[in-house]
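So in the numbering used here, the last spot in the sequence shown is 139, and the numbers never skip.
Simulated from the structure, these hints should not be mistaken for laboratory data.
Here a beta-carbon is modelled for each residue, glycine too, at the ideal position from N, C-alpha and C.
Take these hints with a grain of salt, some might be off.
To be verified - Straight-line distance between alpha carbons at most 27 angstroms, and here's what the computed DSSO-like set of lysine-lysine pairs gives:
| no. | residue 1 | residue 2 |
| --- | --- | --- |
| 1 | Lys85 | Lys58 |
| 2 | Lys130 | Lys44 |
| 3 | Lys94 | Lys58 |
| 4 | Lys130 | Lys95 |
| 5 | Lys44 | Lys94 |
| 6 | Lys85 | Lys95 |
| 7 | Lys58 | Lys95 |
| 8 | Lys44 | Lys95 |
| 9 | Lys44 | Lys58 |
As the list claims (entries may be wrong) - Label pairs and their computed distance ranges (CB to CB):
| no. | residue 1 | residue 2 | range |
| --- | --- | --- | --- |
| 10 | Thr76 | Val108 | 16 to 26 angstroms |
| 11 | Gly80 | Met56 | 38 to 48 angstroms |
| 12 | Val16 | Arg48 | 11 to 21 angstroms |
| 13 | Lys130 | Ser66 | 29 to 39 angstroms |
| 14 | Glu128 | Lys85 | 16 to 26 angstroms |
| 15 | Glu128 | Gly7 | 48 to 58 angstroms |
| 16 | Leu26 | Val96 | 20 to 30 angstroms |
| 17 | Pro82 | Arg48 | 16 to 26 angstroms |
| 18 | Ile11 | Lys94 | 50 to 60 angstroms |
| 19 | Glu128 | Leu59 | 33 to 43 angstroms |
| 20 | Asn110 | Glu83 | 15 to 25 angstroms |
| 21 | Ala38 | Glu128 | 12 to 22 angstroms |
| 22 | Gly24 | Pro82 | 50 to 60 angstroms |
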Amino acid sequence: MRAHSSGFTLIEIMVVVVIIGILGALIIPNVVGRDDQARATAVKNDLRSVANALEMYKLDNFHYPSTDQGLQALVTMPSGFPEAKNYNPNGYLKKVPTDPWGYPIVYVNNGDTFDLYSLGADGAEGGEGKNADIHYETL
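Could you put together the complete structure from these sequences and hints?
So, in C-alpha coordinates, the structure goes:
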(Lines of atoms letter the chains of each structure in order from A and count residues from 1; the text may use other names and numbers.)
(Lines give C-alpha, C1' and ligand atoms only; values in the text may rest on other atoms or scores of the structure.)
Protein backbone atom coordinates (compact mmCIF):
# COMPACT_ATOMS: atom_id res chain seq x y z
CA MET A 1 0.00 0.00 0.00
CA ARG A 2 1.38 3.32 -1.05
CA ALA A 3 1.14 6.24 1.39
CA HIS A 4 -0.61 9.33 0.08
CA SER A 5 1.85 12.22 0.07
CA SER A 6 0.56 15.72 0.55
CA GLY A 7 1.93 18.67 -1.36
CA PHE A 8 1.36 20.72 -4.47
CA THR A 9 1.66 19.47 -7.98
CA LEU A 10 3.76 21.29 -10.54
CA ILE A 11 0.58 22.45 -12.31
CA GLU A 12 -0.81 24.00 -9.12
CA ILE A 13 2.44 25.84 -8.45
CA MET A 14 2.57 27.12 -12.03
CA VAL A 15 -1.03 28.39 -11.82
CA VAL A 16 -0.21 30.31 -8.62
CA VAL A 17 2.94 31.81 -10.18
CA VAL A 18 0.97 32.94 -13.25
CA ILE A 19 -1.74 34.51 -11.06
CA ILE A 20 0.89 36.36 -9.02
CA GLY A 21 2.54 37.53 -12.24
CA ILE A 22 -0.75 38.86 -13.61
CA LEU A 23 -1.54 40.66 -10.36
CA GLY A 24 1.96 42.12 -10.30
CA ALA A 25 1.63 43.33 -13.88
CA LEU A 26 -1.63 45.10 -13.02
CA ILE A 27 -0.71 46.56 -9.63
CA ILE A 28 2.99 47.46 -9.79
CA PRO A 29 2.68 50.09 -12.55
CA ASN A 30 0.03 51.85 -10.45
CA VAL A 31 2.26 51.93 -7.35
CA VAL A 32 5.74 52.44 -8.80
CA GLY A 33 6.51 56.06 -9.63
CA ARG A 34 4.16 57.44 -7.02
CA ASP A 35 6.94 58.20 -4.54
CA ASP A 36 7.51 61.64 -6.08
CA GLN A 37 3.79 62.33 -5.96
CA ALA A 38 3.74 61.28 -2.29
CA ARG A 39 6.71 63.57 -1.55
CA ALA A 40 4.99 66.49 -3.28
CA THR A 41 1.88 65.92 -1.16
CA ALA A 42 4.01 65.63 1.98
CA VAL A 43 5.85 68.89 1.26
CA LYS A 44 2.54 70.71 0.71
CA ASN A 45 1.40 69.53 4.14
CA ASP A 46 4.76 70.51 5.66
CA LEU A 47 4.55 73.98 4.10
CA ARG A 48 1.04 74.38 5.49
CA SER A 49 2.30 73.46 8.99
CA VAL A 50 5.21 75.89 8.77
CA ALA A 51 2.89 78.63 7.50
CA ASN A 52 0.58 78.02 10.46
CA ALA A 53 3.57 78.29 12.82
CA LEU A 54 4.57 81.55 11.12
CA GLU A 55 1.05 82.90 11.64
CA MET A 56 1.20 81.94 15.34
CA TYR A 57 4.57 83.69 15.59
CA LYS A 58 3.06 86.81 14.01
CA LEU A 59 0.06 86.73 16.36
CA ASP A 60 2.43 86.69 19.35
CA ASN A 61 5.05 89.12 18.04
CA PHE A 62 3.10 91.31 15.56
CA HIS A 63 5.47 90.50 12.67
CA TYR A 64 7.00 87.55 10.87
CA PRO A 65 10.64 86.62 11.54
CA SER A 66 13.05 88.42 9.26
CA THR A 67 14.59 86.53 6.36
CA ASP A 68 17.90 86.57 8.29
CA GLN A 69 16.23 85.12 11.39
CA GLY A 70 14.68 82.49 9.14
CA LEU A 71 12.69 79.46 10.18
CA GLN A 72 15.09 78.87 13.08
CA ALA A 73 13.05 81.62 14.79
CA LEU A 74 10.18 79.14 15.02
CA VAL A 75 12.36 76.75 17.04
CA THR A 76 14.43 79.04 19.29
CA MET A 77 13.98 82.67 20.24
CA PRO A 78 15.65 84.81 17.58
CA SER A 79 18.05 87.62 18.21
CA GLY A 80 18.34 90.76 16.13
CA PHE A 81 15.70 92.87 14.49
CA PRO A 82 12.76 92.67 14.64
CA GLU A 83 12.73 91.69 18.29
CA ALA A 84 10.39 88.89 19.37
CA LYS A 85 8.95 90.49 22.52
CA ASN A 86 6.19 87.94 23.15
CA TYR A 87 8.01 84.81 22.00
CA ASN A 88 6.39 81.54 23.06
CA PRO A 89 8.87 79.88 25.46
CA ASN A 90 8.01 76.49 23.91
CA GLY A 91 8.74 77.74 20.39
CA TYR A 92 6.45 77.17 17.44
CA LEU A 93 8.05 74.08 15.87
CA LYS A 94 10.13 71.26 17.37
CA LYS A 95 12.86 71.52 14.72
CA VAL A 96 13.79 73.45 11.61
CA PRO A 97 11.94 71.70 8.79
CA THR A 98 13.41 70.15 5.66
CA ASP A 99 11.51 68.97 2.63
CA PRO A 100 11.05 65.23 1.88
CA TRP A 101 14.16 65.34 -0.35
CA GLY A 102 16.29 66.55 2.58
CA TYR A 103 16.69 70.17 1.45
CA PRO A 104 15.85 73.13 3.70
CA ILE A 105 12.53 74.84 3.16
CA VAL A 106 13.08 78.34 1.74
CA TYR A 107 11.62 81.27 3.69
CA VAL A 108 11.66 84.91 2.58
CA ASN A 109 10.01 87.69 4.58
CA ASN A 110 8.33 90.25 2.31
CA GLY A 111 7.14 92.53 5.10
CA ASP A 112 3.44 91.83 5.53
CA THR A 113 3.66 88.53 3.66
CA PHE A 114 6.18 85.75 3.16
CA ASP A 115 7.33 83.29 0.54
CA LEU A 116 7.67 79.70 1.64
CA TYR A 117 8.67 76.93 -0.74
CA SER A 118 10.54 73.73 -1.44
CA LEU A 119 13.07 73.56 -4.27
CA GLY A 120 11.89 70.10 -5.30
CA ALA A 121 13.89 66.93 -5.90
CA ASP A 122 16.91 68.67 -7.46
CA GLY A 123 17.31 71.27 -4.69
CA ALA A 124 17.69 74.07 -7.27
CA GLU A 125 15.42 76.95 -8.25
CA GLY A 126 12.99 76.24 -11.07
CA GLY A 127 12.64 72.90 -12.77
CA GLU A 128 9.84 70.75 -14.09
CA GLY A 129 8.09 67.62 -12.92
CA LYS A 130 9.60 66.25 -9.71
CA ASN A 131 12.27 69.02 -9.83
CA ALA A 132 9.68 71.84 -9.83
CA ASP A 133 9.55 74.25 -6.92
CA ILE A 134 6.51 73.80 -4.68
CA HIS A 135 5.21 77.08 -3.22
CA TYR A 136 2.93 77.81 -0.33
CA GLU A 137 0.60 80.52 -1.54
CA THR A 138 -0.12 83.17 1.08
CA LEU A 139 -3.43 84.94 0.91
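Do the hints match the structure? See the list:
no., hint, verdict
1, Lys85 to Lys58, "holds, 11 angstroms"
2, Lys130 to Lys44, "holds, 13 angstroms"
3, Lys94 to Lys58, "holds, 17 angstroms"
4, Lys130 to Lys95, "holds, 25 angstroms"
5, Lys44 to Lys94, "holds, 18 angstroms"
6, Lys85 to Lys95, "holds, 21 angstroms"
7, Lys58 to Lys95, "holds, 18 angstroms"
8, Lys44 to Lys95, "holds, 17 angstroms"
9, Lys44 to Lys58, "holds, 21 angstroms"
10, Thr76 to Val108: 16 to 26 angstroms, "holds, 20 angstroms"
11, Gly80 to Met56: 38 to 48 angstroms, "violated, 20 angstroms"
12, Val16 to Arg48: 11 to 21 angstroms, "violated, 46 angstroms"
13, Lys130 to Ser66: 29 to 39 angstroms, "holds, 31 angstroms"
14, Glu128 to Lys85: 16 to 26 angstroms, "violated, 44 angstroms"
15, Glu128 to Gly7: 48 to 58 angstroms, "holds, 55 angstroms"
16, Leu26 to Val96: 20 to 30 angstroms, "violated, 42 angstroms"
17, Pro82 to Arg48: 16 to 26 angstroms, "holds, 24 angstroms"
18, Ile11 to Lys94: 50 to 60 angstroms, "holds, 58 angstroms"
19, Glu128 to Leu59: 33 to 43 angstroms, "holds, 37 angstroms"
20, Asn110 to Glu83: 15 to 25 angstroms, "holds, 19 angstroms"
21, Ala38 to Glu128: 12 to 22 angstroms, "holds, 18 angstroms"
22, Gly24 to Pro82: 50 to 60 angstroms, "holds, 58 angstroms"
Comparing the model with each numbered hint stated earlier shows that hints 11, 12, 14, 16 do not hold.
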